[in-house]
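A.B. asks: Going down the list, the sequences are from chains E and X.
If you count the first sequence from 1, position 202 lands on 202 in the working numbering, and the numbers rise without skipping.
In the working numbering, each number is its position in the second sequence, counted from 1, plus 205.
The set of hints was computed from the structure by calculation and includes no laboratory data.
These numbers come from a predicted model, not from an experiment.
Cβ coordinates follow ideal geometry from the N, Cα and C atoms, glycine included.
There's no promise every hint is true.
[What the hints assert, rightly or not] Going by beta-carbon spacing under 8 Å, a handful of chain E positions derived as facing chain X: (1) M51; (2) Y63; (3) Y171.
[Stated by the list, open to error] Subject to a maximum C-alpha distance of 20 Å in a straight line, what follows is the list of computed SDA-like cross-link-like pairs (lysine to any residue): (4) X/K258 / E/Y30; (5) X/K260 / E/A31; (6) E/K88 / X/P227; (7) X/K260 / E/P37; (8) E/K5 / X/E299; (9) X/K210 / E/A31; (10) E/K128 / E/A160; (11) X/K293 / E/P3; (12) X/K220 / E/E38; (13) X/K302 / X/V380; (14) E/K15 / X/E243; (15) E/K55 / E/C85.
Listed here are the chains, written in short residue letters.
Number of protein chains: 2
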Amino acid sequence: MEPIKTILALADAYKKLPGIGPKTAERLAYATLRMSPEDRELFIQAIQDSMDKVKRCPHCGFYFEESCPLCADPSRDHHQIMVVCDSKDIIAIEKAKGYGGIYFVLDGTLSPLRNKTPESIGILRLLKEAEENGASEIILALPTDLDGETTALYIADLFAKKGIKVTRLAYGIPVGTNLEYLDNLTIAQSIRHRTDMDKGGQDNG
Amino acid sequence: MEPIKTILALADAYKKLPGIGPKTAERLAYATLRMSPEDRELFIQAIQDSMDKVKRCPHCGFYFEESCPLCADPSRDHHQIMVVCDSKDIIAIEKAKGYGGIYFVLDGTLSPLRNKTPESIGILRLLKEAEENGASEIILALPTDLDGETTALYIADLFAKKGIKVTRLAYGIPVGTNLEYLDNLTIAQSIRHRTDMDKGGQDNG
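Turn these sequences into a full structure, and let the hints guide you.
C.D. replies: And the structure:
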């Protein structure tokens, strides 16, 4: 005996989300059947709104409902562009309140295996945005895995040819972390990029 | 800057599913925005169908679209009722093809802390179903945690008073498992319930 069609369809829908395997998808499908009709109506409405109301900024790629809160803000410095891989990262950086420039969201990182090219992840659009904004600095806030590094090096190379400065967020010890729990690479990077006490954070690397 | 309303509403919907915390819910909400419109339409349709098409059998609690494939099947033995905590368990047991009776799905296990009483999880309905079907045996297939044990003992006690036999699925060594990876309780149970080689599975406990 197989689960009924609707349950299979629900599980299929959940399976399309990242990190949800077949077993979890089935569990979530049955859990959906146990949700109250009101909660299911809200769920449907939220997915519908995600199609009807949410727009993506044609410039930076951030999601908004009215107008892009970043690109449309004249108080932000349009000559600094921070490059991230995920809109969620913008929320995190904005919460830290240490940045006043604009952003650019790449659709993932370069990966020949996953068919992610400079064009498909948006690096060519980034170049165009940088030129149109007369950007003076590109700040990379990309993942620190292999594909993230490849992407960072590719962008650095591309913009160096155009004479635009490219920087990256500092590697180092997270504030409040105990050294003994840190990986070797992070410790090595924190030594290489050690800062003078009196310069308040100048790079020595 | 906060995520936009639709993303918060989507995350709220995901958070109502079991095992989905705030961080995962947020991740799934952003992932939903990246789904194709076709996939989102299918997702909405599946949730809508879960309300419009899926019914719960008033007798056993199993989900169906046309008629209950278990209770409506005259070839099944209606005098044997297997009690489970989750409709998914019925699918697993049916796949094993070793059982020909009917089922009863409890809404969870007894737990005073989570406000789960014999009435709220359906034990009183189980009693009614057993009496109406003239049941000769109740087979418990409940979780082996503390609440599952409590529920099993409660049901055994209740049906003993009515003179109806209550059994439970055998505890023991899963087929194909290496002894060294098994927990002590399972090994102890498999010794206690050891079977005679010539009886092909008779209990010795």
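A.B. asks: Run every hint past the structure and note whether it holds.
C.D. replies: Hint check results:
no.	hint	result
1	M51	6 Å, holds
2	Y63	6 Å, holds
3	Y171	23 Å, violated
4	X/K258 / E/Y30	14 Å, holds
5	X/K260 / E/A31	14 Å, holds
6	E/K88 / X/P227	13 Å, holds
7	X/K260 / E/P37	13 Å, holds
8	E/K5 / X/E299	17 Å, holds
9	X/K210 / E/A31	24 Å, violated
10	E/K128 / E/A160	15 Å, holds
11	X/K293 / E/P3	8 Å, holds
12	X/K220 / E/E38	15 Å, holds
13	X/K302 / X/V380	16 Å, holds
14	E/K15 / X/E243	15 Å, holds
15	E/K55 / E/C85	18 Å, holds
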